[in-house]
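S.K.: Read top to bottom, the protein sequences are chains X and F.
As numbered in the working numbering, residues 1 to 247 make up the first sequence, in order.
As numbered in the working numbering, residues 1 to 185 make up the second sequence, in order.
There may be inaccurate statements among the hints.
What the hints assert, rightly or not - List of simulated lysine-lysine pairs, PhoX-like, C-alpha gap at most 20 Å:
| id | chain 1 | residue 1 | chain 2 | residue 2 |
| --- | --- | --- | --- | --- |
| 1 | F | Lys88 | X | Lys109 |
| 2 | X | Lys80 | F | Lys88 |
| 3 | F | Lys90 | X | Lys106 |
| 4 | X | Lys47 | F | Lys173 |
| 5 | X | Lys109 | F | Lys90 |
| 6 | F | Lys78 | X | Lys80 |
| 7 | F | Lys88 | X | Lys106 |
| 8 | X | Lys57 | X | Lys7 |
| 9 | F | Lys19 | X | Lys108 |
| 10 | X | Lys47 | F | Lys172 |
| 11 | X | Lys47 | X | Lys7 |
| 12 | X | Lys80 | X | Lys229 |
| 13 | X | Lys114 | X | Lys130 |
| 14 | X | Lys187 | X | Lys229 |
| 15 | F | Lys90 | X | Lys80 |
| 16 | X | Lys106 | F | Lys78 |
| 17 | F | Lys88 | F | Lys78 |
| 18 | X | Lys80 | X | Lys106 |
| 19 | F | Lys90 | X | Lys112 |
| 20 | X | Lys57 | X | Lys47 |
| 21 | X | Lys108 | F | Lys90 |
| 22 | F | Lys78 | F | Lys90 |
| 23 | X | Lys130 | X | Lys80 |
The set of hints was computed from the structure by calculation and includes no laboratory data.
Keep in mind it's a predicted model, so treat the numbers as computed, not measured.
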Amino acid sequence: MAMLEVKDVHKSYGTCEVLKGVSFTMERHQTKVIIGTSGTGKSTLLKCINQLDPPEKGQVWLEGEELTNPSADLNRIRQKIGFVFQDFNLFNHLTALRNVSIGLEKVKKIEKEKARERALEELRRVGLEKQAHQYPAQLSGGQKQRVGIARALAMDPSIILFDEPTSALDPELIGDVLDVMKNLAGKVAMLIVTHEMGFARNVADEIIFMEGGYIIESGSPEQMFNNAKVERTRQFLGRISTLYGKE
Amino acid sequence: MGRAYGKQPLRFLIYLYEKIFRGLPLLVILFLMYFGLNQIGIRITGFAAAIIGLVLHSTAYQVQIYRSAINSIPDGQKTAALSIGMSKTKTIFYIILPQVLRLSIPGWSNEFTILLKDSLIAFSIGVFELMARADAINATHPSGTLSVLLFIAALYFILVFSINRGLNYLEKKYRISGYEVAAAR
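Bound-form chain X, shown alone (with noise of 0.2 Å):
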């Protein structure tokens, strides 16, 4: 059984259907990006897996769990899928070390010292140790970030959901971020939506190309991007490449 299954999911805000039934399935450490124009409803997949949007129809299972069954113990279940947010969401009261932290202290716990210990080791995985005490707002974005992806790993989660983590940064700042992810690559499962394709085609396993709500194809990034079978998706990626260059 795969870790994690997507099956036909559907969501709708008010008369506006989002997504139409969506399903795919991920692996173990394994890298997926989803491409697609913007409003196709990718962000509101990544929240309807963890359920912070829960989907109308269609179930998500997790290692096992059902998370769309109503008595799922979420709060438990949660802490093995990480998210980046775009626009970073760190506590604003806390170091960057202490918003790391915060969730082993008072989600898995482990107490202050060890809390901290393994926060810091986090931190220098994301290469920002000197940054440990400073607060969110005297950081930069690209740091934020960086301390967002660290927040999400300290949970020791089976997989980790990034909702566009580099639209919010200056272009300097997204190549430490993609850093970050790469090193990530292949130790845990990543379901990244992002415009970064260079990323996309270097990193990922599998490509997903989302429009209007479906999935339109997904594939390999070798496929995807010199292979793709479906009219729309060629249209798609020719045109991300004339705006960003082949690579």
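Start from chain X and add chain F according to the hints.
M.R.: Showing chain F alone in chain X's frame:
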């Protein structure tokens, strides 16, 4: 808290309370508490009536202070807390409240000053506080009126000033580093 997060009907009840007690002048509330309650057979002392009246009045205003502080915290932080597996209660306790309390200090210090000075109105329902004593002195020694009133003014000023200094200190002490940088930009 109830106003921002509560479910109906709690939310509505708080809303109603706030509208009523912010809509009535303090003097009317105090009179209702003292003379009104007395008439329907509930006998409380003037002092108790003054305390209850002042608290009900001031709380209605404080609801607004806390509510605006809660609303000024980006929703994303709540979402982020849930995403690492925090329960709603823990999110409010560890993420929202520490920020709300900090943001509330300036508004709260304002409200406190008003409350302290409003307590003078308790004089009107016979509570024997400073103004009542001053009145009594004035009746027996009319020539001392000005100096007694000036003394009371000075007393209140010192009280309000020192308490506000204290709150200011709290505000500075618990300021979140980096915010002053953000504000200056």
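S.K.: The structure should be examined with respect to each hint, and the outcome stated for every one.
M.R.: Now the hints, each set against the structure:
Straight-line distance between C-alpha atoms of Lys88 (chain F) and Lys109 (chain X) comes to about 16 Å, which keeps the hinted pair within the 20 Å bound. For the proposed pair Lys80 (chain X) and Lys88 (chain F), the alpha carbon gap of about 18 Å is at most 20 Å, so the pair holds. The suggested pairing of Lys90 (chain F) with Lys106 (chain X) holds, with an alpha-carbon distance near 8 Å, which does not exceed 20 Å. For the proposed pair Lys47 (chain X) and Lys173 (chain F), the alpha carbon gap of about 38 Å is over 20 Å, so the pair is violated.
For the suggested pair Lys109 (chain X) and Lys90 (chain F), the alpha carbons sit about 12 Å apart, so the restraint of at most 20 Å is met. A hinted pair counts as satisfied when its Cα atoms are at most 20 Å apart, and Lys78 (chain F) with Lys80 (chain X) qualifies at roughly 18 Å. Annotation: proposed proximity of Lys88 (chain F) to Lys106 (chain X) holds, straight-line Cα distance about 12 Å (limit 20 Å). With a C-alpha separation of about 9 Å, the suggested pairing of Lys57 (chain X) with Lys7 (chain X) holds against the 20 Å cut-off.
Restraint check for Lys19 (chain F) and Lys108 (chain X): the C-alpha separation of about 42 Å exceeds 20 Å, so the hint is violated. Restraint check for Lys47 (chain X) and Lys172 (chain F): the C-alpha separation of about 38 Å exceeds 20 Å, so the hint is violated. Simply put, Lys47 (chain X) and Lys7 (chain X) have alpha-carbon atoms about 15 Å apart, close enough for the 20 Å limit, and the pair holds. For the suggested pair Lys80 (chain X) and Lys229 (chain X), the alpha carbons sit about 35 Å apart, so the restraint of at most 20 Å is broken.
Pair hint Lys114 (chain X) plus Lys130 (chain X) holds up; C-alpha atoms about 19 Å apart against a cutoff of 20 Å. Taken as a hint, the Lys187 (chain X) and Lys229 (chain X) pair is broken in the structure, with Cα atoms around 31 Å apart against an allowance of 20 Å. For the hint linking Lys90 (chain F) to Lys80 (chain X), the alpha-carbon distance of about 18 Å falls within 20 Å, and the restraint holds. For a cut-off of 20 Å, the pair hint linking Lys106 (chain X) to Lys78 (chain F) stands: about 15 Å separates their Cα positions.
Restraint check for Lys88 (chain F) and Lys78 (chain F): the C-alpha separation of about 8 Å stays at or below 20 Å, so the hint holds. Restraint check: the Cα-Cα separation between Lys80 (chain X) and Lys106 (chain X) comes to about 15 Å, which is no more than 20 Å; the hinted pair holds. Only pairs whose Cα atoms come within 20 Å are accepted, and Lys90 (chain F) paired with Lys112 (chain X) is accepted, the gap being roughly 17 Å. Between the alpha carbons of Lys57 (chain X) and Lys47 (chain X) the distance comes to roughly 14 Å, so the proposed pair stays at or under 20 Å and holds.
The straight-line distance between the Cα atoms of Lys108 (chain X) and Lys90 (chain F) is roughly 12 Å, inside the 20 Å bound, and the hint therefore holds. With a C-alpha separation of about 10 Å, the suggested pairing of Lys78 (chain F) with Lys90 (chain F) holds against the 20 Å cut-off. A C-alpha spacing of about 28 Å is found between Lys130 (chain X) and Lys80 (chain X), which places the hinted pair above 20 Å, so the restraint is violated.
The structure shown violates the earlier hints numbered 4, 9, 10, 12, 14 and 23.
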